Amino acid sequence: MTRKLQESGLTKAQLRVVYAQILRSRRLDERMLQLQRTGKTSFHTSGQGQEIGQAGMAMAFEPGKDYYLPYYRDMTAFMLFGITAKEILMDSFGRYDGPSGHGLQMPNHYAAKRVKAVSQSSTVASQYPVATGIAYGAKLENSDRVTLVTTGDGSTGEGEFHEALNFAGVAKLPVVFVIENNGYAISTPHNEEYAAKSLALRGQGYGIPGVDVDGLDFTATYLAFKEAVARARKGDGATLINLHVLRMQDHTSDDNQRIYRSKAELAEVKAADPLKTMTQQVLDEGIYTQAELDDLEKQLKKDINVATDQAEAAPLPDLSVLSQNIFAPVDKESGIYGNN
Amino acid sequence: MTRKLQESGLTKAQLRVVYAQILRSRRLDERMLQLQRTGKTSFHTSGQGQEIGQAGMAMAFEPGKDYYLPYYRDMTAFMLFGITAKEILMDSFGRYDGPSGHGLQMPNHYAAKRVKAVSQSSTVASQYPVATGIAYGAKLENSDRVTLVTTGDGSTGEGEFHEALNFAGVAKLPVVFVIENNGYAISTPHNEEYAAKSLALRGQGYGIPGVDVDGLDFTATYLAFKEAVARARKGDGATLINLHVLRMQDHTSDDNQRIYRSKAELAEVKAADPLKTMTQQVLDEGIYTQAELDDLEKQLKKDINVATDQAEAAPLPDLSVLSQNIFAPVDKESGIYGNN
Amino acid sequence: MATIDYLQALNQALDEELAQDDTLTVFGEDVGAPKGGVFNVTQGLAEKYGDLRVFNTPLSEAEIAGLAIGLGVSGHHAVAEFQFADYILPATNQIISEAARMRYRSQGDWSAPVVFRAPYGGGVGGGFYHSQSTEKVFVGQPGLRVVTPSTVRDAKGLLKSAIRCADPVLFFEHKRLYHSIKADIDPDEEILTPIDKAQVLRQGTDITVMSYGITLQYVLQAAEELAKSGIQTEVVDIRSLYPLDEATIVAAAKKTGKVLLVNEDNKEGGVLGEISAIISEQALFDLDAPIKRLAGPDSPAMPYAKNLEQAFLVQPDQVKQAMQELAEF
Amino acid sequence: MATIDYLQALNQALDEELAQDDTLTVFGEDVGAPKGGVFNVTQGLAEKYGDLRVFNTPLSEAEIAGLAIGLGVSGHHAVAEFQFADYILPATNQIISEAARMRYRSQGDWSAPVVFRAPYGGGVGGGFYHSQSTEKVFVGQPGLRVVTPSTVRDAKGLLKSAIRCADPVLFFEHKRLYHSIKADIDPDEEILTPIDKAQVLRQGTDITVMSYGITLQYVLQAAEELAKSGIQTEVVDIRSLYPLDEATIVAAAKKTGKVLLVNEDNKEGGVLGEISAIISEQALFDLDAPIKRLAGPDSPAMPYAKNLEQAFLVQPDQVKQAMQELAEF
Ligand SMILES: Cc1ncc(C[n+]2csc(CCOP(=O)(O)OP(=O)(O)O)c2C)c(N)n1
Ligand SMILES: Cc1ncc(C[n+]2csc(CCOP(=O)(O)OP(=O)(O)O)c2C)c(N)n1
Ligand SMILES: [Mg+2]
Ligand SMILES: [Mg+2]
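Protein chains in written order, with the numbering used here: chain A, 133 to 472; chain B, 133 to 472; chain C, 35 to 363; chain D, 35 to 363.
Please keep in mind that the hints were generated in silico from the structure rather than gathered at the bench.
Check each hint, because a few of them may be wrong.
[To be verified] What the simulated footprint calls covered on chain B by chain D, stretch by stretch (three residues with Cβ under 8 Å from a Cβ of chain D suffice, anywhere in the stretch; the number is not a length):
#: 1; segment: 231 to 238
#: 2; segment: 244 to 257
#: 3; segment: 290 to 299
#: 4; segment: 308 to 320
#: 5; segment: 324 to 330
#: 6; segment: 386 to 395
#: 7; segment: 445 to 454
Keep in mind the model is a prediction, meaning the values are calculated, not measured.
Even glycine gets a Cβ: it sits at the ideal position worked out from N, Cα and C.
Model the full structure from these sequences, guided by the hints.
Below you can see the structure in the form of structure tokens.
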């Protein structure tokens with residue numbers, strides 16, 4: 133049973149914001165798929181089905197204080213850290229003002245200096261070791277900031293996943309490792325990715341708690357993350373969270389999941405859409421009325437239209453970028469080293 | 133309590149051979165340290181303290197049928213697979229007839245085509261993925277051969293360790309993964325290597341059994357490996373064995389463990405020498421009489437002297453080796469590819 | 035005869051070798067049924083040869099490499115796919131420490147006759163991690179062959195030869211050649227391309243241009259155009275990036291005395307440097323012009339925005355212009 | 035003034051930088067107390083600066099690299115040690131995909147000001163995996179500096195500059211220089227060596243020899259000896275292997291018109307090729323002789339048996355002979 137939103141301990145006002153962001157992110161995701169299909173952008177990776185889990189996750193952190201190393205499906209969490217639809221769209225259009233990649237990175241490589249969301253590569257799991265370095269920094273600074281890092285279930289096969297968790301266990305690092313487990317790595321189903329009953333069991337092998345969390349249940353997710361964050365802030369070390377979510381869309385816009393997922397399975401996934409569940413919850417728990425939701429939908433549509441237009445109108449990177457920021461400039465005065 | 137040797141189910145004759153090989157390997161190891169100290173060879177890695185565990189391990193396999201990917205402390209197991217002191221010494225002296233490296237590899241890089249002991253690099257844990265390929269081959273051949281691969285406790289930190297176990301779980305490979313856990317990685321104690329209560333717990337994260345085995349207890353070790361091998365032969369997949377042993381000597385002849393291990397600890401390790409325990413056992417259980425043991429010692433000394441002289445007298449690699457066997461010769465007839 | 039493209043040629047090569055060598059396995063991320071690889075190079079093979087021989091692996095490139103090596107070591111053959119050439123990097127240790135050294139360090143007791151396939155190259159909107167030319171990371175490792183086909187015929191013949199080769203072969207496939215070049219290939223002809231030879235694709239007397247990958251297509255096209263204005267170009271398909279075919283390279287350089295080297299990778303530190311060094315070591319006094327290199331800029335390959343990506347990529351008109359300038363030198 | 039060796043110079047550099055930069059951390063396998071590294075480069079530092087700043091890591095080179103990168107990204111500085119240059123290979127992906135690309139892909143929003151130290155080179159009885167020169171694997175990655183000091187002064191000054199550098203620096207230390215070269219260094223002098231410049235160590239007019247690592251010592255010695263018979267050698271310490279200091283290299287080549295390049299690595303595919311290519315591209319008509327390279331053979335580095343190891347290694351007399359032949363060319 134999905135737990136009540138109110139059991140999360142968040143206020144109604146907070147829950148309104150969360151829900152609105154989730155809905156915004158769904159509508160934005162749909163728009164981005166559409167932009168890709170109509171040739172306005174060249175690529176999109178959808179996060180549909182992972183939004184509720186990501187929202188529960190994001191709400192447990194302090195954006196601006198905590199570091200965040202997202203992966204390519206994390207649009208909802210990224211927005212909850214404080215990023216706008218327009219910013220995200222600028223990255224999709226390859227515009228220089230996009231915070232993630234300034235037109236240099238592919239779409240969906242979420243990052244933003246402003247909220248300590250760190251630049252990511254496409255090489256899966258390679259953010260995990262980097263996250264441990266950032267977490268180690270908190271120890272050096274005697275800070276209670278926490279580092280959040282996410283990846284997919286398939287990506288846990290990588291050696292870098294293992295090496296990071298091992299060191300985090302040894303050094304008791306303030307980091308929350310998240311597996312957004314949607315059961316697939318592109319076309320490869322989970323039983324061809326790993327044979328563990330649950331990836332949460334890996335925690336013990338590193339001396340850190342590993343927990344299974346229902347990422348379709350906002351409250352359950354939020355509370356699990358709250359505990360992991362508290363643990364980390366207190367200096368008790370890392371947690372591994374195996375967050376069970378759904379991948380509702382193709383792997384990316386280059387993929388066609390109907391080749392490897394049956395009609396029945398896809399229908400099931402559609403039926404289990406956690407946004408539907410949560411929409412029912414916000415109505416049932418009196419967080420929004422139906423009329424308010426209708427307004428919200430209208431507002432979001434307008435917002436996203438405006439954001440799309442503005443993002444598209446933003447300038448492409450200048451060609452001079454090709455030779456900028458490769459190395460730091462060598463300091464002319466000393467003549468010897470970068471401006472570290 | 134150390135279990136009785138007879139409880140292993142091995143015959144007295146077998147146990148006599150095992151013990152003699154263990155003793156031979158200890159005396160050979162001592163000789164190799166001495167050869168290094170006197171400048172006759174330039175390097176040695178001792179396996180003292182790991183012999184009993186290795187013997188229990190080796191006895192569970194069928195040399196010549198099963199593949200074996202040893203690591204650099206595996207001299208005892210390697211000898212039990214059928215390799216002579218002279219062969220090992222040739223490798224130590226860098227002689228071309230050494231089966232492990234033909235003078236090209238450093239000492240202790242145990243390998244021998246004859247018994248399917250596969251050539252190893254020094255890069256720790258990199259034999260683990262290779263072992264899975266060999267194990268996969270057994271499936272292709274519909275063979276019940278098993279692959280044995282060993283490494284140290286510190287080496288379990290490597291990503292390649294993880295990747296190999298993960299795939300072995302998924303593909304249910306007939307492989308036995310061994311961690312010879314001596315509590316140190318050079319100077320680094322186990323609590324700075326990993327935080328798991330036991331490395332055996334990692335098994336669950338890969339969907340394979342993980343077991344802790346007392347590598348100072350021959351019978352316990354042998355029976356645990358027998359079970360793992362039976363599992364693999366039956367097609368039930370891999371096992372991870374965390375074999376608890378002692379490192380009695382310096383990491384290698386380039387190291388000095390008195391810098392990082394206290395006198396008290398080193399005294400404790402010396403007192404716990406499993407060879408002493410086993411010697412008492414063979415006497416108590418009537419496998420050898422004291423007189424026989426005295427003879428055995430004499431015989432071993434003679435053998436090792438002869439082996440040392442013969443190995444030293446063997447030829448160095450010819451300089452032509454520098455340009456041989458880099459690539460397979462290109463087939464002149466077809467003019468197109470190697471002699472695959 | 036049937037007209038097939040570069041990708042179909044690769045698929046045919048795998049199909050034929052799977053049929054004739056029953057120790058052969060083909061695997062990698064999403065390589066098995068039903069997807070058959072993200073580019074479809076292995077499409078239909080799992081269905082035909084079973085999912086014990088053609089299969090998906092978890093995301094773990096070091097394991098993919100090691101799995102192949104272990105198969106090779108124990109008498110099997112393996113074609114391992116890295117989904118993108120960018121993702122070979124996590125497997126660097128396996129490839130260099132294990133595969134490349136296996137034969138030599140054991141003096142032939144053991145060997146690793148495996149093929150590592152990797153789609154490389156940019157211009158596909160792939161940003162930094164789906165566009166790189168990573169061949170430079172792996173050349174210069176004795177024991178490891180690095181090759182790349184740049185024609186449809188070689189896509190088939192070189193892959194078949196690589197599979198039959200007794201040594202590990204790192205096999206780069208340019209993504210933008212997959213569907214952009216086609217040729218008539220007799221499906222019944224057994225095509226086996228020499229694995230250690232460069233290839234003169236066009237004879238010429240005025241300038242010599244050596245290249246591989248998509249830029250080789252630009253060179254061929256420019257050579258065709260320049261021929262009309264009387265400039266005759268000797269075009270060499272480098273093909274074997276390591277070890278290089280010194281004899282063919284030096285002969286082609288001497289023939290015209292004017293050499294241009296072209297590839298898509300960054301200029302400094304790429305494989306063109308070695309080719310240039312071989313020429314200036316062995317044919318310096320035959321040269322009538324500096325050995326020029328036309329390559330990508332020395333910035334990380336490759337930015338996403340279309341304008342930057344195009345600015346990064348060596349363009350056909352740059353190739354033609356460089357050739358013209360060299361002819362006029 | 036105090037006479038110190040190359041290794042002590044490295045230790046001093048770390049000590050001074052740990053003292054002046056309290057964001058700096060130093061770590062790696064066995065780097066902490068009490069061992070202070072398998073070569074003792076970090077000896078005494080954990081005791082002095084605490085084991086939060088100077089510490090052991092588990093065996094996991096990708097993690098070591100990533101840990102450093104994460105520290106750099108979040109405003110700390112890190113010197114990560116790879117126990118041997120051979121063992122950087124498991125960290126290739128972190129170094130190339132993360133460290134080298136961080137600044138560019140984020141247009142300066144993030145950077146990775148970290149140093150990766152690695153003892154390289156053979157002649158120490160280390161066989162294939164404790165002897166390699168792995169620099170060629172990492173050059174040609176825009177965003178990643180690759181340097182190596184070949185003098186005691188540079189061991190100190192270049193490491194200090196690398197630590198202060200705002201970009202990732204891969205720092206190679208030749209193992210056989212650790213104790214074989216000594217110099218008088220004023221402990222109170224703040225030595226900072228330019229991180230992007232080659233260095234002319236000796237002026238000459240007859241031949242130009244460029245090198246780095248142990249072979250540079252042979253070059254200097256031979257130059258000294260040849261000077262007695264009237265051959266004046268211009269000796270360049272390449273020092274910055276990527277990006278190369280083209281200006282210094284080209285000027286030195288033009289000065290004598292006769293160039294010899296020397297290193298310990300295999301010949302084909304090593305960094306000498308790029309140096310040669312730069313020269314033949316920019317100074318071809320100033321050359322009076324082919325650009326020669328003297329390097330290791332194209333076989334896996336490095337066999338264990340003493341006779342083979344010595345046969346692999348470029349020897350002082352080979353260097354001298356090559357220089358003499360070039361002078362007489
Ligand atoms: C090192 C590496 N190997 C392969 C890829 C190609 N690739 C991109 S996403 C992906 C699947 C990831 O699956 P999962 O971790 O489950 O995440 P999901 O996409 O399902 O969210 C693959 C194979 C990559 N990006 N990096
Ligand atoms: C990839 C790699 N990193 C570092 C080393 C250097 N090294 C050799 S042995 C060793 C410690 C291994 O410890 P452990 O795995 O516990 O095995 P033990 O020596 O204790 O048997 C290290 C760090 C190496 N050989 N390979
Ligand atoms: Mg997934
Ligand atoms: Mg150990």
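If you test the structure against every hint from before, which numbers come out violated? Result: no hint breaks.
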